[in-house]
Amino acid sequence: MPLNYPLAEQTLDNGLRVVVSSDRAVPIVAVNLWYDVGSRHEPPGLTGFAHLFEHLMFQGSRNVESGAHFSLLETVGASLNASTFFDRTNYFESLPSGGLDLALWLEADRMGYLLDALTQENLDNQRDVVKEEKRQSYDNRPYGDSYERLVRLLFPENHPYAHMTIGSMADLDAASLEDVHAFFRKYYGPNNAVLTIVGDVSVEDAFDAAKRYFGHLEAIPTPPPAPDGTIGPLTEVLRDDVQEDVPSDLITMMFRLPPDGTPELDAAGLALDVLAAGQSGRLNRRLVRDEQIAQSVSGGALPLIGGVSFGTLTGIASEGVDLQQVEDALVEEIEKLAEGGITADELATVQAQAERDWLEALSTVAGRADEISHHALLFGDPNRINTRIDQVRAVTAEQVQSAAREWIRAAGRAQVTYRRTEEEA
Amino acid sequence: MNLITTPPPVTPPGPWKFPESTATTTSAGTPVHIFDRPGQYVATVRVTIAMPLFVEPRELEGVATIMSRTLDEGTELHSANDFAAALERHGAAYGVDVSSDALHVEISVPVSHLAPAVKLLAEAVTRPAFNVADVGRHVTIRLGEINQEKANAGYRAREAFAAHLFDTSARRSRPTAGTPDTIRPLTNVQVAEFYRSNVGPARAQILFAGDATGVDVAAIVDDAFGDWRAEVAPVLEAPEPLYLPGNRLVLVDRPGSVQSQLVIGCAGPDRRSAAWGPAAVANHVVGGTITSRVDTVLREEKGYTYGTRSSFSAPRKGGTFTLGGAVRTEVTGAAIGDALRILREARDGLTEQEVQEAKDSLTLTAPLRYEQADSIIQQVGSNIANGVPINFADTYMQRIAATTAEQATAAYREFVGTEGLLVVVVGEAKDVRPQLTEFGLGDLIELT
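In order, the protein sequence lines correspond to chains F and P. Under the UniProt record's numbering, the residues of the first sequence are numbered 1 to 425, in order. Under the UniProt record's numbering, the residues of the second sequence are numbered 1 to 448, in order.
Warning: the hint list may mix true and false statements.
[Claimed, not checked] With a straight-line cut-off of 25 angstroms between C-alpha atoms, the simulated DSS-like cross-links for lysine-lysine are: (1) LYS131(F) to LYS302(P); (2) LYS302(P) to LYS430(P); (3) LYS211(F) to LYS186(F); (4) LYS430(P) to LYS150(P); (5) LYS131(F) to LYS430(P).
[What the hints assert, rightly or not] Label pairs and their in silico Cβ distance ranges: (6) ASN383(F) to ASP394(P): 34 to 40 angstroms; (7) ARG141(F) to ASP181(P): 22 to 28 angstroms; (8) PHE379(F) to ASP167(P): 57 to 63 angstroms.
Think of the hints as simulated: they come from the structure by calculation, not from any bench. Backbone N, C-alpha and C fix where the C-beta goes; we use that ideal spot for every residue, glycine too.
Isolated chain F, as found in the complex:
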C-alpha cells in the first residue's frame, strides 16, 4: 500500500537536521535524535565508547542534575530510552504533547553541555553498570557470546563491524576521563545528528521549538568518517566450535551481505526470509516439521550502512540429534536456493511479511520518529519511510536468487557451534 506520512525538513545554521511529521490524531509527540556515531566509529582501544555514552547521557548536564533527565520526563508522562548500534546511537522520548519543549530542552542541554557534569564518579559508576549489562546480556546466558564470536570471524581484525557495541571491558577499564571527554567532543554536536519530531504539533511550532532549544549550540569540527568497511563475500568457511554447558546444541552461520540501501541487500534479506522467516520458511518446514532434526530455526538480514551488512541462520538441534545433521541440512538448503531460486509464491509471502513488519514499525509516533531519523541520517532522505514497501515489492525472484548466489553460500560463511559438554559419569 502507498504510504503518505507528511514530512518537513530544515537544517539549522549550526548544521542540525530537523525533520517534522505532524500527526494531530493522538495527543502525544515523539522526539528522536540519531547521532552519527556507533561502534563502527570506535578505533581499536576505544571499543564500547559509543555505548558507554548511552549511559553517561543520563547522568546530568550543565543545567540538569544527575538523574533529573529521567525524573523530569517521567513525571510528565514520558516513555524514554536510548540505544546503540553498529552504525549510530539514538536517544528518544515520547510524551503528552505539552511536554515537547521540556524534551527538547533536555536533549539540547546534554548535546551541548554534557561535559560540565561528566565526572570521574559518574564514569566509574556507569562503567560498573555497563559491566553488569554485559554480564546479564552476554556472559550469563547460553550462547550469549555467539555474535561476538561470529563478527570476529566474519570480518578482518579491526574491521569496523568486527566488534560488538558493548565493546571490550579492558578498553572501558583503561579509559580515562579525558579519553571519554575527547570522544564526546569529537562526535556529539548539532552537525552530527538528526532531530525528528513526530506527533501532535504543527510543523511551524515544531521548527520554532527546535530552533529555540538547539539553535544556539555551536557546531563541532566535522567528525572523521567511520572507516570504510567495504568488503566482498567471504570465500572460505571459518569455524568456531565451542564445547560448553549449553541446554541444547546450536549452530549459527553468518554471511556477509551487501550494504543497506541497495536493492541487492533487500534481495539478500528476502532470500534469508524464504529460508528462515515465519512458520512457512523452508528451514522450518524441513528441519522442524518434516525431518524434526531441529527444535527451532531462525535467521534474517541485519542491514548496515558501512560498506557491508551481515545475515544469519540459526538452528537448535533436537534432543539426541547430531548437530552435524542440522549443519548439513542448512548447507543443502542454502545451496538449493542459490542454484534453484525461489517461487513466485515464496517471494509474495516474504514481501507480505516485510510489509506488515514495516507498517507495524511505523504504527506509533515513536516508531515513525525512529525510522525518519534512521533514513535521514544514514541515507539523507526521510521520505524513504513512505517508499520502503515499494522498494521491497520491486524485488524480483531473479534478484533474490542472484543475491543469494553471490552472498549466501555454503563455501563463504562464518560459523559458530555450541555442543553440550559430555555429562560426567
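Got chain F; can you put chain P on it based on the hints?
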C-alpha cells in the same frame, strides 16, 4: 541567543479515556468488540477463551499449552505446512498465549488482508485436527524448551519463586506449560479431549483493533465464526490460591554463573481488591522505574546491577509482589541486604512528592501505552481473562489519580513484608552461600 537554564513549563494534557469500542455478537452468540483506530494499518484480531488452568489434570499439566500450540498445526482443511503458508501469504503473523485464566489466539495482519486471515484464524480455533504426529512433535519441542528454561537464570528464579510462594495445592505453584513428567505422557487423544471440554463459542470473546475505515469488521468476523457450534461446559471458578507465609531464603545453584539472579517478593492484591491502584503507585516509588528507591541505590549509587524492577501483578486470583534483577556475584549478599532494607523502610511511609510523581507518571503515560492496535488488544484480552470490564483501564487510572500518600503507604504495608519476604537467588552457590548468612530469613533452602 539567550540560553535557557531552567526546565521549560509543561502544559498539562486534557483528560484521557481508554479507546471506545462497539459491541456486537456473532450468529453463534460470541461477543465481538471492535476498536476502530484510524491510522492503525495493521490490525490485531484476538479470540480470548475463558480457560482456567486449574482444570488441567495434575498428571497432565501442560496439556492446555500443547493444545494451544497445535491449534494451527494441521486443521480439518489444511496440513500444518499448508496452513502456515496460507496465513503468511496474507502477511499475517499468528500467535497463542495460555495464562492462568484464559487461552488467547491472535493474528496481526494488514487490514487489506483482514477477511481471508480471519477465516484462517477461525479455522485454527474451531477446526483443529490434532494429528498424532503434530502433537508428538510439540511434546518433543516442549521438552527441549524445558532444557532452555533450566539454563535461563531469570526463568529459574521465577519458577523457584512460584514454587515457594504458593502451596502445592495451587496450580500456580507449578509452570504453566508443564514439566517433563506431565508433558511426556501427552498424546493427541488427551489434547483433543481437553480442547473439546474447554474451547467453544460460549466461552469466547472476539476482539478487533485497527483501522476499520471502509471495512465491515462485524461481517468479516461473523462470516468466519458465525457457524461455530461446539458445546462446552460452563467455566469453573478457580479456587483462591494458598500462599506460604513467612520469611524464606532459597538458593538455586547454577554453576558458572557470573551474576546472581534475584527475585524478592510476597503475596499481593488481585484486581478485585481496592488496593489495586494505590499499590501500583507505591510500587512505582519503591522499585517501578530507574528513578525508584531501589535502583537509585543498587544501580546508580553502587553499580551492582544493570537494573532491577518491581511490580504487583495478578491474574484473576492470587496477586504477587516481586522485585527482580541480576547482580554481580561478589556483591550478592550486599545487594540483597540493601534491597530488603529499602523494601522494609518503605513500610514507614512514602512521601507526598514521591507519590505525586508516581501518580503523574502512571496516569500521563496512558495515551502512549494504548497507541498501537495490538496494545489495546493485549489490555482488553487481559481484562477479560481477569474478570474485569474491558475498559477497566479507566477505573484503574481514576483510582491511581485519587490515591493519597497515606493510601499508597497503606496498600504497600498491607502486603509487602507483612507476612514475611521470600528471597530467591539463582547463581554460583559456592560463591554466594557464604554471603547469605546475615538476613535472618530462616534456614537456607538449597536447590540444584
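Structure-based check of all given hints:
1. Proposed proximity of LYS131(F) and LYS302(P) is supported: the alpha carbons are some 13 angstroms apart, at most 25 angstroms.
2. With a CA separation close to 24 angstroms, the supplied pair LYS302(P) and LYS430(P) stays within the 25 angstroms bound.
3. Note on LYS211(F) and LYS186(F): the hinted pairing holds, with a Cα-Cα distance of about 23 angstroms set against a maximum of 25 angstroms.
4. A distance of roughly 19 angstroms separates the Cα atoms of LYS430(P) and LYS150(P); the hinted pair therefore holds under the 25 angstroms criterion.
5. For the hint pairing LYS131(F) with LYS430(P), the CA-to-CA distance comes to about 22 angstroms; that is within 25 angstroms, so the pair holds.
6. Judged by the Cβ atoms, the range 34 to 40 angstroms given for ASN383(F) and ASP394(P) holds: they are separated by roughly 39 angstroms.
7. For the hinted restraint 22 to 28 angstroms between ARG141(F) and ASP181(P), the CB-CB distance of approximately 26 angstroms keeps it satisfied.
8. The hinted range of 57 to 63 angstroms is satisfied by PHE379(F) and ASP167(P), whose Cβ atoms lie roughly 59 angstroms apart.
The earlier numbered hints are all upheld by this structure, with none contradicted.
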